[in-house]
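Here is what each chain is made of, one letter per residue.
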Amino acid sequence: MALDRALVGRSYPPSAVYEVGRAKIAEFAAAVGATDRVHHDAEAARAAGHADVIAPPTFAIVVSLEAAFVVLADDEVGLDYSRVVHGEQKFTHHRPIRAGDRLVATTTIDAARTVAGNDLLTARVELATEAGEAVCTSTSMLVARGPA
Amino acid sequence: MTPEAGTALPELVVRVTRADLVRYAGASGDFNPIHWNERVAREVGLPGVIAHGMLTMALAARAVTGWTGDPAALLEYQVRFGRPVVVPDDDRGAELTVRGTVAALLEDGRARVDLTVTSEGEKVLSLARAVVRLG
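Sequence lines, in order, name chains Z and L. Using our numbering, you'd call the opening residue of the first sequence number 1 and step up by one each time. Using our numbering, you'd call the opening residue of the second sequence number 1 and step up by one each time.
No lab work stands behind these hints, which were simulated from the structure alone. Heads up, some of the hints might be wrong.
To be verified - Residues on chain Z that point at chain L, a partial pick, calculated with CB under 7 Å:
1) Tyr18
2) Glu19
3) Ala23
4) Glu27
5) Asp36
6) Val62
7) His86
8) Lys90
9) His93
Where a beta carbon is used, it is the ideal one built from N, C-alpha and C, also for glycine.
Same shape as in the complex, but just chain L:
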């Protein structure tokens, strides 16, 4: 089935807690203290501990891979890191909302998907787009 341009992907809502940041730090090897140490984050002028931009990018990709049903179908993926996602020191953490739209059908059975990723109503990624192979 080929979707039409303008088709909306199912919305994805994910929560990110401090524990998720620690787990991602270990898995990715990115131990920058601004992602786990409140003191250091504030010293460099941030409002608090922030999520790794690459974690936000990875979570947003799930809106696309969940829709295609095949992680290998994501051929190209790019984002600009706009605004940091501040992760409070509580059990709820921060909430990310990922919305996607089929922006264009391309040659060779591919499509471009544009993503809007927000936290607390603010856009945290911009120019977030993917090229997928359609089943």
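Next comes chain Z alone, as it looks inside the complex:
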């Protein structure tokens, strides 16, 4: 089934708040081998000018990919979840994510097209604090491979 171009621009209600914890940042940093002290030690982070430990550059995916999956749950989009793979990913950091942030994710469909039987859907997730400060824009292109 071809993706409906009319989906482009569709936005979903904001997610529940995700509170960023020091331990989660340290766990994620360890999993990707990010040994810089600013991820692990609040004093080191403060010395570098941050309010608390900061997350490695791709940590936003922990919050944003689940938020992007709201489009897979949308019956009007009709993407077959079992065939979906992650095609492209982009992060634009407005400032580093840091421990203590209370983030809200808002997802918008930026592009939808069907190429050679594969459905390509681009979901843009804006991560902002509860107070509305922009933190990160995470854009995920999801590919639903056509039946072979």
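The hints should help you fit chain L onto chain Z, whose structure is shown.
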């Protein structure tokens, strides 16, 4: 110090084992079985268990953050997931090689860095690029 366009970043070589995939699954919340279960990976047509694309992306970022010395200086970062990184069930795992080049100096003290990420000589990420703030 401002680098010139064409400057090469120090090469980064990282190994990824099955244990690393399990650790990343837990840390990221991505428990898709193709990243830890050989049977499921083969059932969906993969040659074996593959690394999370997002883990490869995160490891490649270390070539950039190691070079700038400041993780917060990475302002934009994007990749296309080209070829899966197959991680064998042994203690050595798969090897990733990350090479970076300063592709262009931008306004406001920023630079664009282009990355080439290979495993077993094959490119696994394409269009991998970052925008960094220079010290």
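Results for each hint:
1. Restraint check, Tyr18 (chain Z) versus chain L: the minimum CB separation of about 11 Å is more than 7 Å; hint violated.
2. The restraint placing Glu19 (chain Z) at the interface with chain L is violated, with a minimum CB-CB distance near 15 Å, outside the 7 Å limit.
3. Against a cut-off of 7 Å between C-beta atoms, the interface hint on Ala23 (chain Z) is violated, since the closest Cβ of chain L lies about 11 Å away.
4. Taking 7 Å as the C-beta cut-off, the interface hint given for Glu27 (chain Z) holds, the closest approach to chain L being about 5 Å.
5. Taking 7 Å as the C-beta contact cut-off toward chain L, the hint placing Asp36 (chain Z) at the interface holds, the least distance being around 5 Å.
6. Of the supplied interface hints, the one on Val62 (chain Z) holds, with its beta-carbon coming within about 6 Å of a beta-carbon of chain L, less than 7 Å.
7. Contact between His86 (chain Z) and chain L, as hinted, is supported at the beta carbon level, the nearest pair being about 5 Å apart and thus within 7 Å.
8. For Lys90 (chain Z), the interface hint holds, since its Cβ comes within 7 Å of a Cβ in chain L; the closest pair sits about 4 Å apart.
9. The beta carbon of His93 (chain Z) comes within 6 Å of a beta carbon in chain L, closer than 7 Å, and the hint placing it at the interface holds.
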